[in-house]
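**Q** Letter by letter, the chains look like this.
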Amino acid sequence: MSKAPPEIISLYKQDSSALTLKWLGKPLKPKEDYRLVRGRGTFVDDIQLPRMTYMAFLRSPYSHARIKRIDVSRAKSMPGVLLVWTGDDIKKRMRPLPQATPPPARNAIDYPLAVDKVRFQGEPVAMVVAESRYIAEDAVNQIDVDYEPLPAVVDAERALEPGAPLVHEEVGTNLIAHVHYKWGDVDYYFQHADLVVEAKFHYHRFTGAPLETNAVVADYDERADVMTIYCNNQAPMEWLPQLSAGLNMPYPKLRVVTRDIGGGFGTKLINYVYMILAALASKELKRPVKYMETRTENLQAAAHNAERTCTVSAAVRKDGTVLALRMRCVDDDGAYSRHEPAGMTVWAQVSTGMYKIRALENDYYAVFTNKCPSTSIRGFSRAPHLFMIERIMDRIARKLGMDPAEIRMKNLVGPEEMPYMTPSGGIYDSGNWPEGLRRALEAADYWGWRKRQEELRRQGRIIGVGVVVGSDSAGPNMAQVKMYNPGLPYTGGTEGALVQMTPDGKVRVILGSSPQGMGHETTAAQVVADVLDVSYDDIYVQTGFDSFSSVYTMHSGTYGSRFAPIGLSAVYLAAARLKEKLAKMAAYLLKCPEGDVVIENGAARCAKDPQRSMELRRIARIAYGNVNELPPGMEPGLYSLAIFRPPFQNPDENRRANLALTYSYNVHVVVVEIDPETGMPKILSYTALEDSGRIVNPLIVDGQVHGAIAHGVAEALYEKYHYDEDGNLLNPTFVDYLAPTALEIPDMKVIHMETPSPFTPTGAKGMGEGGGTAVQAVISAVEDALAPLGGELGESHADPETILRILKGAARGKSEV
Amino acid sequence: MSQELRHIRVKVNGQWYEADVEPRMLLVDLLRDVLGFTGVHIGCDTGHCGACTVIMDGRSVKSCMVLAVQADGSEIMTVEGMEKDGQLHPLQEAFWENHALQCGYCTPGQLMSAYFLLSRNPNPSEEEIRKAIEGNLCRCTGYVNIVKAIKAAALKMSSSKAG
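Residue numbers (my numbering), protein chains in the order written: chain L, 833 to 1649; chain W, 795 to 957.
One chain only, chain L, in its complex shape (with noise of 0.2 Å):
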């Protein structure tokens, strides 16, 4: 609402100064990329061990259905087979998966394999154990399930209404949470307003499908009664209590290891009940389980985003200043919370977007649906919260006559505002954002597409320009939660990291996170060398995740874009620590006052007598191996771990908090043109402008540029999930889901602008998810287009067929759709 008081900026202010800015901000060749192009990753599927057995499993062809007899004596019989589980051995063996929502939904029994009733297609209604992946799925096709389908509910706002079929009985409504958030002044606003814009809006169905799949590889050690368990989840942290729950076995026990990952943007943090399976069953055979999930059962069973449905009124003056908005939205969850309802809280991130909007009202429904179970993918909740401000900004320029670049020009949060609190608590960080406008506009010719746009259109040609605005807002804050079930014990937003000079001199690093292609070998390299002033070839970075030496916390994990505000700060800190160490050992062995060291190009020399001087590989050696050279007293080893803790707190009684730690900052500037045959659009020009603060290596900024505008324009034009009314996913492999070739995807102008977080000691931002906000440009450029037909756009999806309805419908009159 205004810029935040100072003694929250003074709380959340970072010491930078252990920083030489020698190795930060190059585009230093990534070091996980050497063994990538050589085709030497370590993938799970790549993980083979002795006695190594097979899993695959039986899903359910029904969305609904009451499970009347299994059999499978067929498949137990045959050669090779192993082990054949039904939900009812699976429920001997493990209580159900713990609910992380409020009453009753909390209820729900939740199993990793169906027990009595199946509530998705896809869901595993048996798993099969056998000697080879062939022999496996041999032996799912003879096992026979007698199914008796039940009336299916695959619409949210229908869900909700009385005689809706029940997904879970044991809740007894279709109800996951609601919660009613109100921020500032609503009411006053709206009567105070000269105008009220009102809009109701569909975010689809989409997936991030990683082009790995889910896999897990589960070794029970019976002799250390040890489970080790190598996985390509997100976060594995954050599930070790399922895990451990699930197993019945202690944490020092359980050992969850990621390697490379194939891709995740979200998929990857429900993966866990393939790991209960796996590990269950590695635990009665006494061998290695693999698992390695199929392309179709990957896109209909394993994790989609949730939808979200919203109904947005914004109170508005007449010179286009947006007083405040009032939502009521409807996300559905589909089947289980194995991670939703989260993002009925996630988006207010950035509840009011990139504007100085006053105030807000939400009324926010979560719902059950006979859908696949949901989780946060790239751009988790934000990105379509986001997508409801930016279109209706649009609606409301529109209405006003007003450009859509100058209603947001004048609606944005100033540069003198920074760090600005929002009305819902939130903290944006730094930034300029009036002038990544400007530049934006300019680098992408924006002024000059409107006048050649009047021109091609009296030509006859379908042209639009989009231009929006957005944030990716990182490093979450977990007390969110709290905002849905105020009982959850999960609050902060932590990482971990280790440092350690080797008695060689040499750096080896452990973090926290389980990357799936971020870099962070690279940034965690360059942030070391950078404190350390040592070379990035000195620095070796362990790959992924292991519970058994990583240094973490029930955060750790990486999702949420949180490894460059959190899990570089753990880097730094540990680093600056080590630093500290070395100087002060410098200080006795060169007999130099502690404040004269100066630790410089991998050596540690006396400020006042440059003769005195150490290479650091000599205090190493002396730190570990010639320990009575040290200070008498002094630990030896040079060890460091640390723990960042951003300071943040829960929420208010108003649900008022800061929920995330940086704010990066976007704009995307589109221009498509429509081909009124086909009705598909072509994307003519693309630029982006990113602001997300210290860039620690450009390389793989642009990297997650072009990513998350691959994904957006995805999302926008050509992935979206049809289910029927029987609840059956009508495009679940890549025939039909149409993930975009190199043909779609169109070459994109990226710039940038840095302006350094002050609440991280590196000052770089999270980035990576891009807040959607490709999908809220491309939407915005195809609805612009359509405009002078008096066409609009309900959802974050334009495919042909909805075009061509608008095209053909502008004949008839306005139309929408």
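Check before you lean on any hint, since a few could be wrong.
To be verified - Pulled a few chain L residues facing chain W out of the computed Cβ check, cut under 8 Å:
id	residue
1	864
2	873
3	1575
If you are wondering where the hints come from, they were derived from the structure by calculation, not from laboratory data.
Quick reminder that beta carbons are idealized off the backbone N, C-alpha and C, glycines included.
Using the hints, position chain W against chain L.
**A** Here is chain W on its own, set in the frame of chain L:
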């Protein structure tokens, strides 16, 4: 369901291998699980993603769409065969230099398709490059740096030949 095994020979990355395989075994499973070329990745089950692309008798093929028995007597190159004497192939070098990958899962397939393209067309246009990797899905990079890397490698390879 076990069927009679067939004896086959394949030459992979310059070396002959023999194996007894079920007639239904896919070439990708032979390469990965029997012969240990795990750089050949599996990303789908419908022949769409291209992660398993290899060069077979001079042509790029999706090894999940070929049976191992069909490869009997064939010469195959996988990503593991690109390096020569510990030196990265110019395509690998360019992918690294331009960060033409993030998770690295599609990368071996992209490299194989690019290798096949440059073997037929040493100076491809951007459009030709995009067409050549159309069968290789990438979910991380938006293809921007992949296209850039293939261009850079083509330039480097043709200039080193000219020189």
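**Q** Hint by hint, say whether it matches the structure.
**A** Going down the list of hints, with the structure as the test:
Interface hint at residue 864/L: satisfied, since its Cβ lies 7 Å from the closest Cβ of chain W, which is below the 8 Å cut-off. Interface restraint check: residue 873/L against chain W, minimum CB-CB distance 5 Å, threshold 8 Å, status holds. Proximity of residue 1575/L to chain W holds as hinted, the smallest CB-CB distance being about 5 Å (cut-off 8 Å).
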